[in-house]
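Kindly generate the complete structure, drawing on both the sequences and the hints.
In the UniProt record's numbering, the protein residues as written are 1 to 277.
Hints in this document: simulated from the structure, not taken from any laboratory.
There may be inaccurate statements among the hints.
In silico lysine to aspartate or glutamate, EDC-like type, Cα no more than 20 Å apart, as pairs [claimed, not checked]:
{"id": "1", "residue 1": "K220", "residue 2": "E238"}
{"id": "2", "residue 1": "K200", "residue 2": "E229"}
{"id": "3", "residue 1": "K200", "residue 2": "D218"}
{"id": "4", "residue 1": "K183", "residue 2": "E255"}
Per label pair, the in silico range of CB-to-CB distance [claimed, not checked]:
{"id": "5", "residue 1": "A44", "residue 2": "P115", "range": "41 to 51 Å"}
{"id": "6", "residue 1": "N239", "residue 2": "A44", "range": "42 to 52 Å"}
{"id": "7", "residue 1": "D191", "residue 2": "Y217", "range": "40 to 50 Å"}
{"id": "8", "residue 1": "P91", "residue 2": "V207", "range": "41 to 51 Å"}
{"id": "9", "residue 1": "S226", "residue 2": "P91", "range": "47 to 57 Å"}
{"id": "10", "residue 1": "E247", "residue 2": "R180", "range": "30 to 40 Å"}
{"id": "11", "residue 1": "E130", "residue 2": "E204", "range": "35 to 45 Å"}
{"id": "12", "residue 1": "E159", "residue 2": "A44", "range": "37 to 47 Å"}
Remember, it's a predicted structure, so these values are computed and weren't measured experimentally.
Each residue gets a CB set at the ideal place from its N, CA and C atoms; glycine is no exception.
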Amino acid sequence: MGIQHDQHTSGNARLRRTASLGEMMAESRVRLQLRTELRDQVFAERDQPIGDFAFNAKVADVFDDMVSRSVPYYQEMQRMVCELAQDFARPGTNLYDIGCSTATTLLALDRMICPTVNFIGVDNAPDMLEKAAQKIAHTDTQRPIELKVVDLHQGLHMENASVVTMLLTLQFIRPLFRERVMKMIFSGLNDQGCLLLVEKLTSEDTVFNRLFIQHYYDFKRRNGYSEIEISQKREALENVLIPYRLEENMQLLKEVGFRSAEVFFRWYNFCGIVAVK
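In C-alpha coordinates:
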(Lines of atoms letter the chains of each structure in order from A; the text may use other names.)
(Lines give C-alpha, C1' and ligand atoms only; values in the text may rest on other atoms or scores of the structure.)
Protein backbone atom coordinates (compact mmCIF):
# COMPACT_ATOMS: atom_id res chain seq x y z
CA MET A 1 0.00 0.00 0.00
CA GLY A 2 2.75 2.47 0.93
CA ILE A 3 5.13 4.09 -1.55
CA GLN A 4 8.86 3.71 -1.06
CA HIS A 5 10.71 7.00 -0.60
CA ASP A 6 14.44 6.34 -0.61
CA GLN A 7 16.49 8.20 -3.18
CA HIS A 8 17.17 5.00 -5.14
CA THR A 9 13.56 4.43 -6.20
CA SER A 10 13.42 2.61 -9.51
CA GLY A 11 12.69 4.52 -12.70
CA ASN A 12 9.59 2.44 -13.39
CA ALA A 13 8.10 3.16 -9.98
CA ARG A 14 8.76 6.87 -10.40
CA LEU A 15 7.11 6.85 -13.83
CA ARG A 16 4.05 5.13 -12.38
CA ARG A 17 3.79 7.71 -9.61
CA THR A 18 4.24 10.58 -12.07
CA ALA A 19 1.47 9.19 -14.26
CA SER A 20 -0.83 8.74 -11.27
CA LEU A 21 -0.22 12.37 -10.27
CA GLY A 22 -1.28 13.57 -13.72
CA GLU A 23 -4.39 11.40 -13.64
CA MET A 24 -5.25 12.50 -10.11
CA MET A 25 -4.87 16.20 -10.89
CA ALA A 26 -7.06 15.84 -13.99
CA GLU A 27 -9.70 13.98 -11.97
CA SER A 28 -9.52 16.62 -9.24
CA ARG A 29 -10.14 19.42 -11.75
CA VAL A 30 -13.16 17.57 -13.17
CA ARG A 31 -14.63 16.96 -9.70
CA LEU A 32 -14.11 20.59 -8.77
CA GLN A 33 -15.80 21.82 -11.94
CA LEU A 34 -18.75 19.50 -11.36
CA ARG A 35 -19.21 20.77 -7.81
CA THR A 36 -18.78 24.49 -8.27
CA GLU A 37 -18.73 25.83 -11.85
CA LEU A 38 -17.73 29.15 -10.23
CA ARG A 39 -15.60 31.56 -12.24
CA ASP A 40 -13.54 34.33 -10.67
CA GLN A 41 -15.33 37.65 -11.17
CA VAL A 42 -14.36 39.23 -7.85
CA PHE A 43 -12.96 42.35 -9.52
CA ALA A 44 -15.16 42.40 -12.63
CA GLU A 45 -17.57 45.10 -11.44
CA ARG A 46 -16.53 48.62 -12.45
CA ASP A 47 -16.13 51.37 -9.86
CA GLN A 48 -16.54 49.04 -6.88
CA PRO A 49 -14.88 50.15 -3.63
CA ILE A 50 -11.40 48.62 -3.59
CA GLY A 51 -10.07 47.67 -0.17
CA ASP A 52 -7.09 45.51 0.69
CA PHE A 53 -7.25 42.04 -0.84
CA ALA A 54 -8.54 39.44 1.63
CA PHE A 55 -9.02 35.68 1.46
CA ASN A 56 -12.68 35.95 2.45
CA ALA A 57 -15.69 33.82 1.50
CA LYS A 58 -16.12 35.60 -1.84
CA VAL A 59 -12.53 34.79 -2.81
CA ALA A 60 -12.63 31.27 -1.34
CA ASP A 61 -15.63 30.35 -3.51
CA VAL A 62 -13.69 31.07 -6.73
CA PHE A 63 -10.10 30.62 -5.53
CA ASP A 64 -9.29 27.49 -7.54
CA ASP A 65 -10.34 29.22 -10.75
CA MET A 66 -8.57 32.42 -9.69
CA VAL A 67 -5.22 30.78 -8.98
CA SER A 68 -5.27 28.56 -12.08
CA ARG A 69 -5.86 31.62 -14.29
CA SER A 70 -3.50 33.93 -12.39
CA VAL A 71 -0.41 31.78 -11.76
CA PRO A 72 1.63 30.73 -14.81
CA TYR A 73 2.20 26.98 -15.19
CA TYR A 74 0.20 26.36 -12.03
CA GLN A 75 -0.44 22.66 -12.72
CA GLU A 76 3.19 22.02 -13.67
CA MET A 77 4.33 23.89 -10.57
CA GLN A 78 2.12 21.60 -8.46
CA ARG A 79 3.61 18.57 -10.19
CA MET A 80 7.17 19.73 -9.52
CA VAL A 81 6.39 20.38 -5.86
CA CYS A 82 4.95 16.87 -5.54
CA GLU A 83 7.94 15.27 -7.23
CA LEU A 84 10.42 17.08 -4.99
CA ALA A 85 8.33 16.35 -1.90
CA GLN A 86 8.58 12.63 -2.80
CA ASP A 87 12.34 12.90 -2.70
CA PHE A 88 12.43 14.21 0.87
CA ALA A 89 9.32 12.86 2.65
CA ARG A 90 10.10 10.16 5.21
CA PRO A 91 7.72 7.66 6.85
CA GLY A 92 6.62 8.63 10.34
CA THR A 93 7.32 12.33 9.86
CA ASN A 94 5.10 15.36 9.25
CA LEU A 95 4.44 17.32 6.08
CA TYR A 96 3.20 20.89 6.54
CA ASP A 97 1.55 23.00 3.87
CA ILE A 98 1.77 26.60 5.07
CA GLY A 99 -0.86 28.75 3.45
CA CYS A 100 -2.70 25.63 2.28
CA SER A 101 -5.68 27.65 0.93
CA THR A 102 -8.22 25.15 -0.50
CA ALA A 103 -5.96 22.08 -0.07
CA THR A 104 -5.09 21.66 -3.76
CA THR A 105 -1.43 20.91 -2.97
CA LEU A 106 -2.25 18.62 -0.04
CA LEU A 107 -4.64 16.56 -2.16
CA ALA A 108 -2.08 16.27 -4.94
CA LEU A 109 0.58 15.19 -2.45
CA ASP A 110 -1.75 12.66 -0.82
CA ARG A 111 -1.57 10.34 -3.84
CA MET A 112 2.20 10.58 -4.01
CA ILE A 113 3.46 10.36 -0.43
CA CYS A 114 3.67 7.35 1.89
CA PRO A 115 0.48 7.08 4.01
CA THR A 116 2.52 7.09 7.23
CA VAL A 117 3.53 10.71 6.61
CA ASN A 118 1.17 12.98 8.54
CA PHE A 119 -0.31 15.95 6.65
CA ILE A 120 -1.01 19.29 8.35
CA GLY A 121 -2.40 22.27 6.46
CA VAL A 122 -2.30 25.72 8.03
CA ASP A 123 -3.88 28.95 6.84
CA ASN A 124 -5.00 32.19 8.46
CA ALA A 125 -8.28 32.35 6.52
CA PRO A 126 -11.19 30.32 7.96
CA ASP A 127 -13.16 30.65 4.71
CA MET A 128 -10.32 29.06 2.76
CA LEU A 129 -10.02 26.22 5.27
CA GLU A 130 -13.76 25.61 5.07
CA LYS A 131 -13.43 25.16 1.31
CA ALA A 132 -10.39 22.92 1.90
CA ALA A 133 -12.37 20.74 4.29
CA GLN A 134 -15.16 20.38 1.72
CA LYS A 135 -12.71 19.27 -0.97
CA ILE A 136 -11.02 16.79 1.37
CA ALA A 137 -14.41 15.36 2.36
CA HIS A 138 -15.20 14.71 -1.32
CA THR A 139 -11.86 12.96 -1.93
CA ASP A 140 -10.82 9.42 -1.03
CA THR A 141 -7.58 10.32 0.74
CA GLN A 142 -4.92 7.90 2.00
CA ARG A 143 -4.79 9.57 5.43
CA PRO A 144 -6.57 12.10 7.64
CA ILE A 145 -5.52 15.66 6.76
CA GLU A 146 -5.39 18.05 9.69
CA LEU A 147 -6.32 21.68 9.05
CA LYS A 148 -5.41 24.52 11.42
CA VAL A 149 -6.24 28.22 11.52
CA VAL A 150 -2.88 29.90 12.18
CA ASP A 151 -1.87 33.56 12.01
CA LEU A 152 1.78 33.33 11.02
CA HIS A 153 2.40 36.79 12.44
CA GLN A 154 1.57 35.33 15.86
CA GLY A 155 3.87 32.33 15.53
CA LEU A 156 3.83 28.75 14.31
CA HIS A 157 4.73 25.51 16.08
CA MET A 158 6.14 22.77 13.89
CA GLU A 159 7.91 19.53 14.69
CA ASN A 160 9.28 16.37 13.08
CA ALA A 161 8.84 17.74 9.56
CA SER A 162 10.55 16.17 6.57
CA VAL A 163 8.79 18.46 4.08
CA VAL A 164 7.29 21.95 4.29
CA THR A 165 5.50 23.43 1.30
CA MET A 166 4.84 27.16 1.13
CA LEU A 167 3.32 28.19 -2.17
CA LEU A 168 2.68 31.89 -2.77
CA THR A 169 2.39 32.52 0.97
CA LEU A 170 5.56 34.23 2.22
CA GLN A 171 4.78 37.23 -0.02
CA PHE A 172 1.65 37.91 2.07
CA ILE A 173 3.56 37.92 5.38
CA ARG A 174 4.65 41.37 6.47
CA PRO A 175 8.41 41.73 5.80
CA LEU A 176 9.06 42.52 9.47
CA PHE A 177 7.92 38.98 10.39
CA ARG A 178 9.39 36.93 7.55
CA GLU A 179 12.69 36.05 9.17
CA ARG A 180 10.93 34.90 12.34
CA VAL A 181 8.53 32.71 10.35
CA MET A 182 11.40 31.17 8.40
CA LYS A 183 13.29 30.47 11.62
CA MET A 184 10.25 28.62 12.98
CA ILE A 185 10.05 26.56 9.79
CA PHE A 186 13.77 25.75 9.95
CA SER A 187 13.47 24.77 13.61
CA GLY A 188 10.59 22.39 12.88
CA LEU A 189 12.35 20.63 10.01
CA ASN A 190 14.39 17.49 10.58
CA ASP A 191 17.94 17.34 9.25
CA GLN A 192 17.84 16.61 5.49
CA GLY A 193 14.28 17.96 5.41
CA CYS A 194 13.25 20.43 2.74
CA LEU A 195 11.27 23.62 2.28
CA LEU A 196 9.53 24.04 -1.08
CA LEU A 197 8.96 27.76 -1.52
CA VAL A 198 7.10 29.38 -4.43
CA GLU A 199 6.99 33.17 -4.60
CA LYS A 200 6.17 36.09 -6.83
CA LEU A 201 9.27 38.24 -7.29
CA THR A 202 10.29 41.79 -7.96
CA SER A 203 13.46 42.81 -9.78
CA GLU A 204 16.05 45.39 -8.81
CA ASP A 205 16.36 46.35 -12.47
CA THR A 206 13.39 48.59 -13.27
CA VAL A 207 13.47 47.71 -16.98
CA PHE A 208 13.19 43.97 -16.33
CA ASN A 209 10.62 44.57 -13.62
CA ARG A 210 8.42 46.52 -16.01
CA LEU A 211 8.80 43.97 -18.80
CA PHE A 212 8.07 40.98 -16.56
CA ILE A 213 4.95 42.63 -15.14
CA GLN A 214 3.81 43.54 -18.64
CA HIS A 215 4.18 39.92 -19.82
CA TYR A 216 2.41 38.70 -16.68
CA TYR A 217 -0.59 40.92 -17.39
CA ASP A 218 -0.58 39.60 -20.97
CA PHE A 219 -0.80 36.11 -19.46
CA LYS A 220 -3.84 37.15 -17.42
CA ARG A 221 -5.49 38.66 -20.50
CA ARG A 222 -4.99 35.37 -22.36
CA ASN A 223 -6.78 33.67 -19.48
CA GLY A 224 -9.85 35.86 -19.81
CA TYR A 225 -9.26 38.67 -17.33
CA SER A 226 -10.42 42.12 -18.43
CA GLU A 227 -8.47 45.35 -18.06
CA ILE A 228 -10.73 46.45 -15.20
CA GLU A 229 -10.19 43.14 -13.37
CA ILE A 230 -6.43 43.38 -13.75
CA SER A 231 -6.37 47.01 -12.64
CA GLN A 232 -8.65 46.60 -9.63
CA LYS A 233 -6.93 43.47 -8.35
CA ARG A 234 -3.55 45.18 -8.70
CA GLU A 235 -4.88 48.03 -6.54
CA ALA A 236 -6.26 45.61 -3.94
CA LEU A 237 -2.95 43.74 -3.69
CA GLU A 238 -0.74 46.82 -3.56
CA ASN A 239 -0.27 46.93 0.21
CA VAL A 240 -0.90 43.23 0.85
CA LEU A 241 1.37 41.28 -1.50
CA ILE A 242 4.94 42.54 -1.05
CA PRO A 243 7.39 40.52 -3.16
CA TYR A 244 11.09 40.19 -2.49
CA ARG A 245 13.86 39.95 -5.05
CA LEU A 246 15.16 36.44 -5.67
CA GLU A 247 18.44 37.40 -3.99
CA GLU A 248 16.57 38.54 -0.88
CA ASN A 249 14.72 35.24 -0.59
CA MET A 250 17.92 33.25 -1.07
CA GLN A 251 19.73 35.36 1.52
CA LEU A 252 16.88 34.89 3.98
CA LEU A 253 17.11 31.11 3.59
CA LYS A 254 20.86 31.23 4.14
CA GLU A 255 20.59 33.46 7.20
CA VAL A 256 18.12 31.19 9.01
CA GLY A 257 20.42 28.18 8.46
CA PHE A 258 19.50 26.25 5.32
CA ARG A 259 22.66 24.59 4.03
CA SER A 260 21.67 24.67 0.37
CA ALA A 261 18.99 26.20 -1.84
CA GLU A 262 18.32 26.00 -5.56
CA VAL A 263 15.79 27.43 -8.00
CA PHE A 264 13.63 24.66 -9.48
CA PHE A 265 11.13 26.82 -11.37
CA ARG A 266 11.23 30.26 -12.97
CA TRP A 267 8.77 32.18 -15.15
CA TYR A 268 9.44 35.92 -15.37
CA ASN A 269 8.43 37.16 -11.90
CA PHE A 270 7.47 33.78 -10.41
CA CYS A 271 9.98 31.43 -8.81
CA GLY A 272 10.18 28.08 -7.03
CA ILE A 273 13.02 27.36 -4.58
CA VAL A 274 13.93 24.11 -2.83
CA ALA A 275 15.97 24.57 0.37
CA VAL A 276 17.49 21.75 2.43
CA LYS A 277 18.33 21.78 6.14
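Do the hints match the structure? See the list:
For the given pair, K220 sits about 17 Å from E238 by alpha-carbon distance, which is consistent with the 20 Å threshold. For the suggested pair K200 and E229, the alpha carbons sit about 19 Å apart, so the restraint of at most 20 Å is met. Distance check on the hinted pair: K200 and D218 sit about 16 Å apart at the alpha-carbon level, within 20 Å; holds. Taking the CA atoms of K183 and E255, the gap is about 9 Å. The hint holds against a cut of 20 Å.
Evaluation of the 41 to 51 Å hint for A44 and P115 yields a pass: the beta carbon distance comes to about 42 Å. Between N239 and A44 the beta carbon distance is about 22 Å. The supplied range of 42 to 52 Å is therefore violated. Distance hint check: the CB atoms of D191 and Y217 are about 42 Å apart, consistent with the given range 40 to 50 Å. The hinted range of 41 to 51 Å is satisfied by P91 and V207, whose Cβ atoms lie roughly 49 Å apart.
At about 48 Å, the beta-carbon gap between S226 and P91 stays in the expected band of 47 to 57 Å. Look at E247 against R180: about 20 Å separates their beta carbons, and that is not inside 30 to 40 Å. In this structure the hint that E130 and E204 lie 35 to 45 Å apart at CB holds, the actual value being about 40 Å. Remark: the range hint 37 to 47 Å for E159 to A44 is upheld by a beta-carbon distance near 44 Å.
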